[in-house]
Amino acid sequence: MIAATLLALWSHWRRHPIQLVTLVVGLALATGLWTGVQAINAQARLSYDQAAATLGQDRLPRLEGALTLEAFAAARRAGWPVSPVVEGRLRGTSLTLYGIDPFTLPPTPGGVMPDLSDTDVLRDFLTGEVVFAAPETLARWPDALPPGRPLSGLAPGLVMADLTFAQAQLSQAGVTRFLIAPGGSGTPEELAATIPGSTVVQPEPDGDLARLTDSFHLNLTAFGLLAFAVGLFIVHATIGLAFEQRRTLVRTLRALGVPLSVLIGCLAAELLALTLVAGALGVALGYIVAAALLPGVAATLSGLYGAGVAGSLSLSPLWWMSGFGMAGLGMAVAGGLGLRQIARLPLLAPAMPRAWARAQRAGLRRQAAAGLVLLGISAALGILAEGLLAGFLLLGALLVGAALLLPPILTVLLDLGTQRARGAVAQWLWADTRQQVPGLSLALMALLLALAANIGVGTMVGSFRATFVGWLDQRLASEMYVTASNVEEARAIEAFLAPQVEALLPIVSQEVTLAAAPGEVFGIVDHPTYRDNWPLLAASPDVWTKLSEGAGVLVNEQLARRQDLWPGAQLDLGPLTAMPVLGVYSDYGNPLGQAIVGIDAFSRAFPEAPRLRYAVRVDPDTVPELAADLSDRFNLSQDQVVSQSAIKAFSLAVFEQTFSVTAALNVLTLGVAGFALWASLTTLGAMRLPQVAPVWALGLTRRQLALADLGRALVLAVLTALVAVPVGIVLAWVLLAIVNVQAFGWRLPLQADPWSWLSLGGWTVVAATLAAALPAWRLWRMPPADLVKVFAHER
Amino acid sequence: MLLSVSDVHKSFASADGPVPVLRGVSFTLDHGQTLALTGESGSGKSTLLHLVAGLDAPDDGRIEVAGKDIAGLDDAGRAAVRRRDVGLVFQQFNLIPSLTVAQNLSFHARLGEGVSPERLDYLAQRLGLADLLARYPEQLSGGQQQRVAIGRTLAAEPRLILADEPTGNLDEGTGDDVLSLMLELVADSGAAFLMVTHSDRLAGQLDARLHLRAGQVA
Chain L
308 MIAATLLALW SHWRRHPIQL VTLVVGLALA TGLWTGVQAI NAQARLSYDQ AAATLGQDRL
368 PRLEGALTLE AFAAARRAGW PVSPVVEGRL RGTSLTLYGI DPFTLPPTPG GVMPDLSDTD
428 VLRDFLTGEV VFAAPETLAR WPDALPPGRP LSGLAPGLVM ADLTFAQAQL SQAGVTRFLI
488 APGGSGTPEE LAATIPGSTV VQPEPDGDLA RLTDSFHLNL TAFGLLAFAV GLFIVHATIG
548 LAFEQRRTLV RTLRALGVPL SVLIGCLAAE LLALTLVAGA LGVALGYIVA AALLPGVAAT
608 LSGLYGAGVA GSLSLSPLWW MSGFGMAGLG MAVAGGLGLR QIARLPLLAP AMPRAWARAQ
668 RAGLRRQAAA GLVLLGISAA LGILAEGLLA GFLLLGALLV GAALLLPPIL TVLLDLGTQR
728 ARGAVAQWLW ADTRQQVPGL SLALMALLLA LAANIGVGTM VGSFRATFVG WLDQRLASEM
788 YVTASNVEEA RAIEAFLAPQ VEALLPIVSQ EVTLAAAPGE VFGIVDHPTY RDNWPLLAAS
848 PDVWTKLSEG AGVLVNEQLA RRQDLWPGAQ LDLGPLTAMP VLGVYSDYGN PLGQAIVGID
908 AFSRAFPEAP RLRYAVRVDP DTVPELAADL SDRFNLSQDQ VVSQSAIKAF SLAVFEQTFS
968 VTAALNVLTL GVAGFALWAS LTTLGAMRLP QVAPVWALGL TRRQLALADL GRALVLAVLT
1028 ALVAVPVGIV LAWVLLAIVN VQAFGWRLPL QADPWSWLSL GGWTVVAATL AAALPAWRLW
1088 RMPPADLVKV FAHER
Chain W
3 MLLSVSDVHK SFASADGPVP VLRGVSFTLD HGQTLALTGE SGSGKSTLLH LVAGLDAPDD
63 GRIEVAGKDI AGLDDAGRAA VRRRDVGLVF QQFNLIPSLT VAQNLSFHAR LGEGVSPERL
123 DYLAQRLGLA DLLARYPEQL SGGQQQRVAI GRTLAAEPRL ILADEPTGNL DEGTGDDVLS
183 LMLELVADSG AAFLMVTHSD RLAGQLDARL HLRAGQVA
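Here the protein sequences come in this chain order: L and W.
Throughout, the numbering used here is defined as the position within the first sequence, counted from one, plus 307.
Throughout, the numbering used here is defined as the position within the second sequence, counted from one, plus 2.
Calculated from the structure, these hints are not laboratory results.
A virtual CB, placed ideally from N, CA and C, is assigned to each residue, including glycine.
Mixed in with the good hints, there may be bad ones.
[Stated by the list, open to error] A partial selection of chain L residues facing chain W, derived with a Cβ cut-off under 7 Å:
(1) Leu313
(2) Trp317
(3) Ala731
(4) Ala738
(5) Asp739
(6) Pro1001
(7) Thr1008
[Claimed, not checked] Okay, the calculated beta carbon distance ranges per label pair:
(8) L/Pro997 / W/Asp123: 55 to 63 Å
(9) W/Gly79 / L/Leu579: 52 to 60 Å
(10) L/Trp317 / W/Ala15: 23 to 31 Å
(11) L/Ala733 / W/Glu140: 19 to 27 Å
(12) L/Leu314 / W/Gly79: 42 to 50 Å
(13) W/His33 / L/Trp1084: 36 to 44 Å
With the rest of the complex left out, here is chain W (with noise of 0.2 Å):
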């Protein structure tokens, strides 16, 4: 299994003392296997992203990521798991405001294995991008910067690709673009896909989802 996800708990502090997010969350996810996320507003779905990616750690339960508890992981750990096992993809893009398109592609791949050029073209090809590859991430749409974000993410050829509303900032023909783009890339890949959405819609197009309720699987 190349994620586990059981009896997970996390609260935040808060004026008035701790507020659970998540109670006791399980799940499992398996290589080329591809999940939505769904609930409302505050049921804890962003939370449970960000602990599966390693950027926070859990108050109580187990995360495992291709056999590795990232739970008890270290910051640098954690850090380590980011690079070379997890791929992110962000709402507002996150791209690095500094570098050219082409840099911002290999970037999250150069910081792990490294990346072909063979493998880079073929991406900037399929995301369509070769015409955008020296300009800076401010210089393209919205829909642009997200297919610049999914490629910096598949370049890595991360085995878990996570996704925080990727087409929540596109208009909808352009999500859709997006999206049907991003699964076909990652079906290549043979990744597994977690995605977080409010969408009925998208949700329908992965292969389950998993509902939360209150911080809990519904």
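Extracted from the complex, chain L is given alone in its bound form (with noise of 0.2 Å):
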């Protein structure tokens, strides 16, 4: 019974061949791209996890600030078993050096450490002859280092050398932090109290890195679970349509004395079968979207937070079986409802033509109301909550509510239309077109979702642009920067640089925990490159005055919002003891905190901050030639004589690679949504011919009928697109007024751009031509005698 049982059920596969490779693309489309953001996820939180336990640090606490290699000498003379480490990133390249003293480096049960115990090595280790990296960070090796050993299990990007090498490397006299191992005479505090400017550090297993690139991955799983959902709109109204098909199907199995549990055992089975199909190809399709994006996330990654990601995959078993789970998940919610129906179904009910259909539309207005239930949340939510969290459930129900109010939106504005049309032919077209709604609704509300979420990241990158290429002209306003190699070589070229130029106004920076978090605090010197281009977000009266004058300090818009630090607040500066905040300056692209205080109290906190960087003010036309000059002079590196035109372009090359990742899902979204729209259009036209078929036997062409239904889906699609627009909008200013200024501390001014919009409405009718073409195309060519069919059919 069993066997006849699934053989007939399988018959409807067999006769419909294209609702099932809908179904199964559906399913691998919306699985493929939520495992593909999930490999890209995985496998960075991997490299996070190996930079964070990088020489134990995820375990021992550490000291951080104003460290000098003579206080780590009195501390171990103190008995302290703490052991030095230089951190920073080597000029010119995307590579974090680390520094350590092999001899004091606690041992780190797990972590990851070179093998020094050959003589050999260990001499080429302490003179800076060698060093060592991953496998796939030697694959990119610069030539400017010296010959790379392979450590497996360091995190991508780091390379681990001497002490005294690192410092030379990195021009640094300090020392970036104390490892404590156990076993001290005392606390971590009480060694701190022994050190001015030194704080405490607790080690947190999930590092500074996880915790700074948690919004990126949390926006790329937002996208991941939006191109599942629309995805999983595909398979819904596949199954749901498949299930209405099979109704006569499942009367007459049941009414042969099949019982209910075996149909629902069946018909489970089944969708348990294609669910095993399509999870196997949505986690080889994600594999494949993971490697593609992969080397872009990297790069973003890197230049964005300085965090090292491998550019190639290494991905768990847990992560192949999440990929079916996920797919099971997709199933159950898109066929439970069907399976229900079925398990409702009356023996002797009649058979009832397009009852699915009708189903749809008796609910509309039920679905009308949950719509603005959800808007009316999302509202809520934007005027009261707070957070990230807060943020994407607002986005989740403004998304939802949008989509279930499409179909009762196009069902009044079709009926509009049918009112005021005139020939029999414009109303039979607006009325069918209205009548057709319920069928196409998933997809329809697929697409709305995958143009709003286009127009809403188009807008919000848009606007971002926009006010990033403004800032940088503001922000970088001296004409050259210039970087020694040391302290001896920055004299030099001041001493070279000052009679030439208008100006030369030193870079000096240290790195310090602001507010219990990474940040750095620079010195600039009063002049009006600063008082005239530096863009501040808020000013309190004679802020540049003040700030000279060494009697407050400038925040950056992360550290204000996030320390509600806004003027008149104070801020702990460590060595400078708290100062009055003087004003908040955007500073975008900068995951830290920052702080600017005048250079002459900058230079009494931080007296061994070596002065290597200058920021040059000279007439624009002469930046070429005295570049040439200096590097000649100095033989100073490409990296350290830089143009203001060559760090714009860097920055907007960053910019851009931040948001090719986002471009791409957006894409591959818009794409899974043509698709589903092809799919319903292709299915429904199979079950549109009764319908059709009277039209042109009482007298339309086979030709005016395809040009109608291409004329029917452009009619929906471009409705769709009309209300997508103000979604649309709505999206971008939640993404830039809520989840942008929680997720990375900025927020920016919203910029209309209606011509990306049109453009965006051109390509929705270009797409829905094109899934329109097939289905139309096919009743355009239709013999007469198929036609003629759907009558002979009657009896």
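Dock chain to chain to rebuild the complex, using the hints, since each chain is given by itself in its own frame.
Given below as structure tokens:
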């Protein structure tokens, strides 16, 4: 009995192969995009964990702040088991250099340590003739570094070297941190008390990188979820259609004696089999998507956060299983309703053609009410709630609410069109289009989600780009930036440049802990370059004068929003004691909190901080000649003498890279929605023959009917796009005013770009035309005998 | 002669090769005449009706409607014949579900020359649809739906009305009422009427009968 039932059920798919392909591809796309994003996140987190575990920093407390080798020696003499570490970005590369002292480095179980048991290797290490890095890092090894040895398990992008060598490479006289091994004579706090300007940082399993990049990965996850939801619309629509078409078969099987439990079991087994096939395809697709996007993500994370992420995938079996789990979940969500309907189907209920569509239409009012409630929740969250999770809940309520409202809105608009149409064909076209809304609603809702996401994210990126470019023009006011290799060279460069330029502005900085998080303090001189150009979002009176007098501090927007530090508030700057906040400046692209003080105050607080960098104010026309002269005279590399235009180009490249993954996911989501539309139109094209054939019999040609079908798809797509525009704009506002502020710490003005919306509308028309072209062409070329069959099948 | 069918042949493809359905059928029908087309299942009745309606083309032979050989027309030409010269009434009604009764009634006529409101009012009254004009087909009974289908055809004032088992989906009483009304209105319009039916009783209500057996006039 079971075999016969399965055979009968399976015969549906044999007769409707396109429906089967649609179902499998829909679920595979949904699973693929979701698992692809998860693969990227998993790979990145693996790399962060490796970075956090380097030298056991995820387990050992450490001291940070104004640390020197002298302080290290004193602490060791006093019996503290500390080990110095220098850390910094290697100029001109995306590599992070770790300098260690192999003799005091505490053993870290499970940590990654170079093998220095061979005395030759140890000697080469101590003399800076050999360094260690992960094999994938060695594959893109810069010429400036000595030969690298492979060290498996080290996070990608990290280079481990001797302390002294690292200090020289990074031009750092001080030490970034002391690792504190267990067994000291007191608590880490007691050690900190003996070293002025130092603070204790407790180990965090997540690591700084994980915290800094959380919002980036949350954004990716949100996009993956959106793509998954859009894919599920396809699956839900196809399964619903297949179940509807098999109502008669189900009734017949039950009438022939197949128990309901066996029938439900067979249908569930069928869904399981389809899940396994689609899940396997989806997981494979996810791997391909992740492999294609990972290099871009790695570059973004490196450029934005300095986080090294392996460019190739190494995924655990858990990830593969979770892919199948998501496919199963998707199928359960999409197929559960159909199974419930079959379970409740009365044995003797009359066959009702298009009952599925009618049932949907009957629920339009309830759907509209649910949509309005969700939009209300979204508005309430926008006004009342705070936090990133609330931001994403708001987005979810907004998108789902808008999607639920789309069919009722379309129905009302098409009703208006029907009432206003004059000719018989026009009237039929409007009314028939309205009739198609229930059957196409899931695909149109998917299209709405994709279009709204596209408009929203596109507007956000466009707003960000416009603001960022303007901000760069203000912020990078100096014509040239020079970095010396050491303090002596810096003095020589200063002496060389001073007589030739309009102004030489030193740039000094120190990594510190600001409000319990990693941050930087900069010292600047009082100069019109800052007074005239620096973009301040909030400022107290005489801000620049007070800053130069050391009477306060400027903070970046991220820090201000995170800690509510606006003019008048006090900021604890470690060695500088608490200072009043004088102003807040925008600082796009920087994940860290940052503060600026007058250079005199800075020098008093951080006397060890070397003065190596300068912003140079000079006639722009003389920059190329001066840069060449400097490079020749002081043997400076390209990275050490950089023009304003080069920095802007680099910053913009980082910016574009940051959003390239978002753009790729955007396009993929739109592609999935286009596929959903095509699948629905193709399936409905076959189902609609009984409605089209009479109109043909009454005198319309197949060509006219095909053009009408095409026009219908275009009308629905254009109306959906029109609804998507306001939804997309609200989405952009939420992203800019709520999610970005929570995720990155900066708020941007929304800058509308109607041309890009128009262009998206154009692409929507193209996509709808392509989606409708095949069903329309089929109708046009359909032999009259096939249309006549509609009437022949009546008996 | 309004309708002239001469030596019409038609076969359909099957896995075992072409299956002949009509084998040299000929007959004529003039204005105001009514003709019943009867025969066993598979005798070719519906196929012949579809060919006369211009829904399909014969393999061989001539079908002239109002002097035009519709077998020689292209798709657009045959569609024009269906709009202007021929009216179809189906067993399953085939109303347009998205349009109201009023819109369905006028639909066929408006595809061609149009229809006066007076004529629509007249038909709605005669067919007992006057109170149902704002409803949709799914809100009507089978008999009501078939009356809308008849009204749709009559509103277009075709010269030839073709009906394929028009009462086959209705109970006997309703079917008789509908057929009587249809014949009455057809007579008023002066159109020729060709009806496919299984029923000898219904066929007996028409002027003449053409019996098909295995694709040939018996």
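So, going through the hints one by one against the coordinates:
no.	hint	result
1	Leu313	violated, 26 Å
2	Trp317	violated, 22 Å
3	Ala731	holds, 3 Å
4	Ala738	holds, 4 Å
5	Asp739	holds, 5 Å
6	Pro1001	holds, 4 Å
7	Thr1008	holds, 4 Å
8	L/Pro997 / W/Asp123: 55 to 63 Å	violated, 30 Å
9	W/Gly79 / L/Leu579: 52 to 60 Å	holds, 54 Å
10	L/Trp317 / W/Ala15: 23 to 31 Å	holds, 27 Å
11	L/Ala733 / W/Glu140: 19 to 27 Å	holds, 23 Å
12	L/Leu314 / W/Gly79: 42 to 50 Å	holds, 47 Å
13	W/His33 / L/Trp1084: 36 to 44 Å	holds, 41 Å
The structure fails hints 1, 2 and 8 (numbered hints given earlier, in ascending order).
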